[in-house]
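If you read the sequences in order, they're chains A and B.
Read in full-length UniProt numbering, the first sequence has 46 at position 46, and its numbers run on one by one without any break.
Read in full-length UniProt numbering, the second sequence has 40 at position 40, and its numbers run on one by one without any break.
Please note: incorrect hints may appear among the correct ones.
What the hints assert, rightly or not - Dumping the calculated DSS-like pairs for lysine-lysine here, alpha-carbon to alpha-carbon at most 30 Å:
id, chain 1, residue 1, chain 2, residue 2
1, A, Lys-168, A, Lys-183
2, A, Lys-183, B, Lys-212
3, A, Lys-168, B, Lys-188
To be verified - Beta-carbon label-pair distances, calculated as ranges:
id, chain 1, residue 1, chain 2, residue 2, range
4, B, Arg-162, A, Gly-216, 34 to 40 Å
5, A, Asp-280, B, Thr-122, 40 to 46 Å
6, B, Phe-191, A, Asp-280, 42 to 48 Å
7, B, Lys-92, A, Asp-141, 47 to 53 Å
8, A, Glu-252, B, Gly-209, 42 to 48 Å
9, B, Gln-364, A, Arg-93, 54 to 60 Å
10, B, Arg-162, A, Ala-245, 31 to 37 Å
11, B, Glu-80, A, Ala-245, 50 to 56 Å
12, B, Gly-209, A, Val-269, 41 to 47 Å
13, B, Lys-212, A, Ala-66, 48 to 54 Å
14, A, Pro-357, B, Gly-209, 28 to 34 Å
15, B, Lys-92, A, Lys-188, 41 to 47 Å
Keep in mind that the hints were calculated from the coordinates and are not lab data.
Please read all numbers here as calculations on a predicted model, not as lab measurements.
Even glycine gets a Cβ: it sits at the ideal position worked out from N, Cα and C.
There are 2 protein chains.
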Amino acid sequence: MGKIKEIQQFLQKENIDAAFITTPDNVFYVSGFHSNPHERLLGVMVFKDAEPFIICPFMEVPDVKAAGWSFEAAGHEDTEDAWDVVMDAVRKRSALPTSIAIEKSHLTVERLERMGQLFTGTEFFRLDEQLNNMRNIKSEDELVNLRKAAELADYAIEVGCREIAEGKTELEVLMAIEFEMKKKGAEKMSFDTMVLSGLKTASPHGTPGDRKIQQGDFILFDLGVVYNGYCSDMTRTVAFGEPTAEMREIYETVREAEQAAVDLVRPGVRAMDIDKAARDVIDAAGYGDYFTHRIGHGLGISVHEFPSMTGTNELVIEEGMVFTIEPGIYHPEITGVRIEDDVVVTADGVEVLTKFPKELLIIQP
Amino acid sequence: MGKIKEIQQFLQKENIDAAFITTPDNVFYVSGFHSNPHERLLGVMVFKDAEPFIICPFMEVPDVKAAGWSFEAAGHEDTEDAWDVVMDAVRKRSALPTSIAIEKSHLTVERLERMGQLFTGTEFFRLDEQLNNMRNIKSEDELVNLRKAAELADYAIEVGCREIAEGKTELEVLMAIEFEMKKKGAEKMSFDTMVLSGLKTASPHGTPGDRKIQQGDFILFDLGVVYNGYCSDMTRTVAFGEPTAEMREIYETVREAEQAAVDLVRPGVRAMDIDKAARDVIDAAGYGDYFTHRIGHGLGISVHEFPSMTGTNELVIEEGMVFTIEPGIYHPEITGVRIEDDVVVTADGVEVLTKFPKELLIIQP
Chain A
1 MGKIKEIQQF LQKENIDAAF ITTPDNVFYV SGFHSNPHER LLGVMVFKDA EPFIICPFME
61 VPDVKAAGWS FEAAGHEDTE DAWDVVMDAV RKRSALPTSI AIEKSHLTVE RLERMGQLFT
121 GTEFFRLDEQ LNNMRNIKSE DELVNLRKAA ELADYAIEVG CREIAEGKTE LEVLMAIEFE
181 MKKKGAEKMS FDTMVLSGLK TASPHGTPGD RKIQQGDFIL FDLGVVYNGY CSDMTRTVAF
241 GEPTAEMREI YETVREAEQA AVDLVRPGVR AMDIDKAARD VIDAAGYGDY FTHRIGHGLG
301 ISVHEFPSMT GTNELVIEEG MVFTIEPGIY HPEITGVRIE DDVVVTADGV EVLTKFPKEL
361 LIIQP
Chain B
1 MGKIKEIQQF LQKENIDAAF ITTPDNVFYV SGFHSNPHER LLGVMVFKDA EPFIICPFME
61 VPDVKAAGWS FEAAGHEDTE DAWDVVMDAV RKRSALPTSI AIEKSHLTVE RLERMGQLFT
121 GTEFFRLDEQ LNNMRNIKSE DELVNLRKAA ELADYAIEVG CREIAEGKTE LEVLMAIEFE
181 MKKKGAEKMS FDTMVLSGLK TASPHGTPGD RKIQQGDFIL FDLGVVYNGY CSDMTRTVAF
241 GEPTAEMREI YETVREAEQA AVDLVRPGVR AMDIDKAARD VIDAAGYGDY FTHRIGHGLG
301 ISVHEFPSMT GTNELVIEEG MVFTIEPGIY HPEITGVRIE DDVVVTADGV EVLTKFPKEL
361 LIIQP
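All chains should be modelled from the sequences, with the hints used to inform the complete structure.
Structural data, given as structure tokens:
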């Protein structure tokens, strides 16, 4: 529960009475309990000077305890007003807080209006940056899970390559990967696994389907695995049979761009510099118009989290940050190629978590 | 685009200048475009007296068009402020709205604060009830998709039953089901498929794993399929080999409770009456303490939507509503059993969408 203490220190420093954490991933971060509450109320309330509690659906109380939460778990039944349960738990601990830090990028207007009625006269402050800053820098415990999630993703790509065969559909390859992952003990995939072949690779957000793999195709795998609540997210593009010269050129451009970005990662460079390192390579090769998204995004409990690695983000990279590097070229008439690694910023450079080779792999039919 | 017209009529009636729709499922409902924007801005702005537009990530503009959206799709790049794009689109159409209806149960405090700065002096109203009321009553087009989603779920249960065998793990059965669903053209499962066996059935939110199926087990399937954006959600519990007398008693109690609730469904009864019909049967059999959740929830584009079928909801049921009926008994020492159907309220009764038999099915080892 070191995270709770860190939030209490923040409250003391800012002289705010309480914090209410409601993003499911942040609830997990501070409590160890991971759940999608749908429309039900789930949150952790931390006090400057009193014990925290978690408010959760009644039937999840045992799961909260099993997840290691050692403070009060206040369960609310579907038939009662969850806010009554919150107020009871608050009153047991302290006078009504006169200032509460909330996650303004997550808490809904409706819930804030309700809190405004219940905590009359209370001022509300932002908690977002505090939580983002904490989550931005991964602890060694978190890195252990991220390394394992990346290792599983590497293996998933290996399985995918093994499954590729003439006439197999994208979905067949995809299901074989997911089955193998579940057998390996992966909780779940971080997002819908993508297996795209032929010209479908040229859609950055394509949907795998019944298309049959043919000789001469590039096959793009974009996938990730959740391990102990932490996500990987990686992409590899491989060839089935001989690719054309144009396909090779696009592949090598993306590979060079990706490597240029990875090589730049170290404390002190800015997010935008890393984006630019890759974009310059792709621009120089004449494919600039076909690289239509940012270089990457932060990765951890969420598959998309801070920092956002865009061409305009001046954020200075620090040791312990984890993000993806994933340039792509999407040429609707030739092919799409994307290569994506997960990287950790180390004291003096970079640790690449995803290790599946990036030289063009040509699978022989 | 009849939905857009309906929202315009609402704006005219309430004399509100514009509506901003941001829940991804509601964006789909009014635009036909389904997407999870993660932290990026996605929304549909509807005006009392001007053409609507959708604001979306730039790279999704082609998908928006392909989904049938015939109005402007304003794309924002990751490198620009999405709100600049919103304001440009607004200014092209009208003077700044002085009143905007928003989804207070979805829009974040941060976004409302931003809108408050951009639309100076604008008043914000609730749009939630209008959208809920629209979505609460399913159109015939929507029912076509819901029927198909339920049919696929029925088939998924059939596949699951076929796959059950001594020593197979829960995950093996689960993956076989999901593979078959993808082959059948299901977009995706509505939620993480649940296959639980033995005493794991006694956890309403259990996680499938490596447990091997054994003779004498109950096996609980809870699953759903998305078809054309619409969800099914059903549960069946089956036996592998002979169950004990106590297991049978629990099964028959749940079956009777479920049927009592289904039989009560018609326009004019209240949600709480339907809950009570099932709960009374379970209470009378002495298992009341083991039925720990509401009788069901609305179903449509979201797998959990309105109405919430709790024991305290006085909502009067109307023709066209669709919800689940899913009583369960979770006895930690004997077994868990849940039976769940998807039902539509008809003019004078009920149409049950999920048709897999509810008599206790005993699969012979």
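Verification of the supplied hints:
In summary, the hint linking Lys-168 (chain A) to Lys-183 (chain A) is supported, as the alpha carbons are separated by about 22 Å, within the 30 Å threshold. With a C-alpha separation of about 13 Å, the suggested pairing of Lys-183 (chain A) with Lys-212 (chain B) holds against the 30 Å cut-off. Of the pairs offered as hints, the one joining Lys-168 (chain A) and Lys-188 (chain B) holds, with about 20 Å between alpha carbons and a cut-off of 30 Å not exceeded. For the hinted restraint 34 to 40 Å between Arg-162 (chain B) and Gly-216 (chain A), the CB-CB distance of approximately 38 Å keeps it satisfied.
Between Asp-280 (chain A) and Thr-122 (chain B) the beta carbon distance is about 43 Å. The supplied range of 40 to 46 Å therefore holds. At roughly 43 Å, the beta-carbon separation of Phe-191 (chain B) and Asp-280 (chain A) lies within the given 42 to 48 Å, and the hint holds. For the pair Lys-92 (chain B) and Asp-141 (chain A), the supplied restraint of 47 to 53 Å holds, since their beta-carbon distance comes to about 51 Å. Checked against the hint of 42 to 48 Å, the pair Glu-252 (chain A) and Gly-209 (chain B) passes, with Cβ atoms roughly 43 Å apart.
At about 57 Å, the CB distance of Gln-364 (chain B) to Arg-93 (chain A) agrees with the hint of 54 to 60 Å. Our hint of 31 to 37 Å for Arg-162 (chain B) and Ala-245 (chain A) is violated, since their Cβ atoms are close to 49 Å apart. Checked against the hint of 50 to 56 Å, the pair Glu-80 (chain B) and Ala-245 (chain A) fails, with Cβ atoms roughly 36 Å apart. For Gly-209 (chain B) paired with Val-269 (chain A), a C-beta distance near 43 Å keeps the hint of 41 to 47 Å intact.
The hinted range of 48 to 54 Å is not satisfied by Lys-212 (chain B) and Ala-66 (chain A), whose Cβ atoms lie roughly 23 Å apart. Distance hint check: the CB atoms of Pro-357 (chain A) and Gly-209 (chain B) are about 32 Å apart, consistent with the given range 28 to 34 Å. Here the CB-CB span from Lys-92 (chain B) to Lys-188 (chain A) is close to 43 Å, well matched to the stated 41 to 47 Å.
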